[in-house]
Amino acid sequence: MRLEIKNITKKFKHKTAVNGFSMVIDANECVGLIGPNGAGKSTLIQIIADILYADEGEVLLDGQKNSSMKHQIGYLPQYPNFFSWMTAFETLYFMGTLSGIAKTELQKEIPLLLEKVGLGKEAHIHVGTFSGGMKQRLGIAQALLHKPALMIMDEPVSALDPIGRREVLNLLKEIKKETTILLSTHILSDAEEICERFVVIKNGHKIEDATKSELLKRHQESAIFLMIRKEDFKWLTMIEHLPYVKKVESCGNGFKVFVDYLEGDAHRLLQHGLDAKVLFTKFEVGIQDNLEEIFLELVV
Amino acid sequence: MHAFIALSKKEINQMTRDYKIVWLPIVFILLGLTQPIMMYYLPVILQSAGGVEGIMIDPNMAKPEGGEVLASTLNSQFDQLGIIILAVATMSIIQGEKANGMMAFILTRPVSISSYLNSKIIIHYILAVICMALGYAVSYGYSAYLFTTVPMTQAIWALVFYCVWLLFVITFVAMMSTFFTSPAFIALISIVVLFICRFTAGLHPILDVINPASNSLYATNILMTGKVGTWYGINVIVTLLLVLLMIMTMQSFIAKKKF
Chain A
15 MRLEIKNITK
25 KFKHKTAVNG
35 FSMVIDANEC
45 VGLIGPNGAG
55 KSTLIQIIAD
65 ILYADEGEVL
75 LDGQKNSSMK
85 HQIGYLPQYP
95 NFFSWMTAFE
105 TLYFMGTLSG
115 IAKTELQKEI
125 PLLLEKVGLG
135 KEAHIHVGTF
145 SGGMKQRLGI
155 AQALLHKPAL
165 MIMDEPVSAL
175 DPIGRREVLN
185 LLKEIKKETT
195 ILLSTHILSD
205 AEEICERFVV
215 IKNGHKIEDA
225 TKSELLKRHQ
235 ESAIFLMIRK
245 EDFKWLTMIE
255 HLPYVKKVES
265 CGNGFKVFVD
275 YLEGDAHRLL
285 QHGLDAKVLF
295 TKFEVGIQDN
305 LEEIFLELVV
Chain B
18 MHAFIALSKK
28 EINQMTRDYK
38 IVWLPIVFIL
48 LGLTQPIMMY
58 YLPVILQSAG
68 GVEGIMIDPN
78 MAKPEGGEVL
88 ASTLNSQFDQ
98 LGIIILAVAT
108 MSIIQGEKAN
118 GMMAFILTRP
128 VSISSYLNSK
138 IIIHYILAVI
148 CMALGYAVSY
158 GYSAYLFTTV
168 PMTQAIWALV
178 FYCVWLLFVI
188 TFVAMMSTFF
198 TSPAFIALIS
208 IVVLFICRFT
218 AGLHPILDVI
228 NPASNSLYAT
238 NILMTGKVGT
248 WYGINVIVTL
258 LLVLLMIMTM
268 QSFIAKKKF
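Just so you know, the protein sequences line up as chains A and B, in that order.
Our numbering applies: residue 15 is where the first sequence begins, and numbers increase by one.
Our numbering applies: residue 18 is where the second sequence begins, and numbers increase by one.
Since the hints were made in silico from the structure, they are not lab data.
Just so you know, not all the hints are guaranteed correct.
Here are the simulated lysine-lysine pairs, DSS-like style, with alpha carbons at most 25 Å apart [unchecked claim]:
id, chain 1, residue 1, chain 2, residue 2
1, A, K27, B, K26
2, A, K216, A, K130
3, B, K115, A, K29
4, A, K25, B, K273
5, A, K117, B, K273
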C-alpha cells in the first residue's frame, strides 16, 4: 500500500510538533522514522493512524483518506494499553471483531499468532498481570491480526529484551514482503536491520530522507585511514607538506589523511609511501561513518 | 453492526467485572423500599422514639394513597439520591477510556464513533432502566401492601415517562464524561445541572416544555391524579431531540480529536 503524507502540520498549545512534513512511501517499502526525543515522531505516527487530527495537510493511502482505510492499517502504540480484565486471547478476539473478522477465523488465527509473538503460554492469562514487554508483544499481535497492508509502529522494539527484540525483528522481516512498514525508533541498529530507507525528523521538520547506502555514501569522508609501524612515523611529517594532503589527524591506532580527490590522491599517497619504504599495516580508502554517527551529526 | 455488538458485549463484561450489575440494582431496590416503609412507619417511629412531650400525632391524619407514595418514591428518592448514584456510576464511562488511551486505540479500528458512543449509552441506559424498574417494582409492591393499590396502567405509564427522563440523565452524564477529564468534576457538574433541571420543572408552563425533567413530573402527575398534564407530547419530543443533539455533539467532539 502506498502511503502519501502531504504537508502535515500539527500545532499544540506551545509547540509545533510536526511542521510541513511530506513524504511518500511506496508499497512494501520499509521505512524507519528516526529522530531524537520530542522530534515529533509519535505525533506524526498518531496522525497517520488517525488518532490525532492534523491542523494542515492530509494522509492518503492508495489515494484515499486514512480515516476511510482503517481496516488496512495496523497500528502499534508506543505504550500499548489493554483492558486489564481481558485475557490475551480475549483482547485479540475483541480487537479482531472490531475489525470485522469472522469468529471461526479468529478462533483459528489467534492461537497461531500468539505463538508467533511468543505469548503461546500466556493466552489465557489476564493482561493486567503482563509485563511491559509482554504487552508490547500483544500489541504487535493485535496490529498483525487483521493482516494490514500498512503497519505503523511507534517504537516497536524499545521495550523488549534482546530475545524479544530478535523475535520481533524476525517477525517484521517475515511480513515485510507484503506489507508497507513505517516504524519509528531511536535505536538505530534495529532500524538498520529491517529498513531500507530512513527519514530523519528533528523539531517537526524532515531533515533527511535517503536509503541506507545513499546515507552512508553522502556522509563519507574524503579521507584515507592508514596504519603504519612506529619507525615509519617520520614519513607522516613528510606527507603533511604534500600539496594534495590537507590534514593528517591521529585517530585511534592509526591516522586519518584528508585529501581532495579520494581515488587519485590515494594512489599517489600509496606510491609515495612505497617509495619511502613505508610498511603499511592498514590502508583504507574512504572512511564511512556508521549510521549512529550520521544520526548524531544530523540531529545535534 | 458487528463492532457495536462487540463493544456492547465488552461493556456488559466490564460492568460484571466491576460488580456494577450487582450493586446498582441493590441500591435502587433499597431506594424503592425506603419511601413506602418510611411513610408507613413514620408516625409510629415519631411516637415511640420522639419521646419529647408536646408532639401530637393526629390519629385522624389521612393515610396517603398508594399513588402518592409511589410518586414520592420517584421525586424524593430516585430524583435525588438516585440521580447522584447514577451520575457517580456513569461518570467515567467515556472519561476512563479517554484517559488510558483505549478510546483512541479502539477508534484506530474500523469502528464508527457513533457505534462506540451508542454502545456505551445504550448499555448504561438499559442498566439504569432495569435498576430503576426493579426499585420501582419493589416500591409498587410495598405501596400496594401498606397503602392502596395503584392501577397497573397508571404505574406503567409513569414508568415510561420516567424512563424518558432517565435517558436524558444518562446521555448528559456521558456528554460531560466526553468533555471533561476529572471524574469528580464530571459527577459534580452533572449532578448540579440535573438538579437544576429537576427543581425548575413545574415552575413555568413554557419552561416545562423544553425541560427534560418535566417527564419526571408527568410520571408523578399520573400517579397522583391519573392525568399527565399538558404538552407532554411536545416535551417528550423535545427531550429526545436534546438527547440526539447531545450525541451529535459528543460525536463531533471526538471526531475533531479534541480529547
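Enumerate the violated hints, using their earlier numbering and listing them in ascending order. 1, 2, 5
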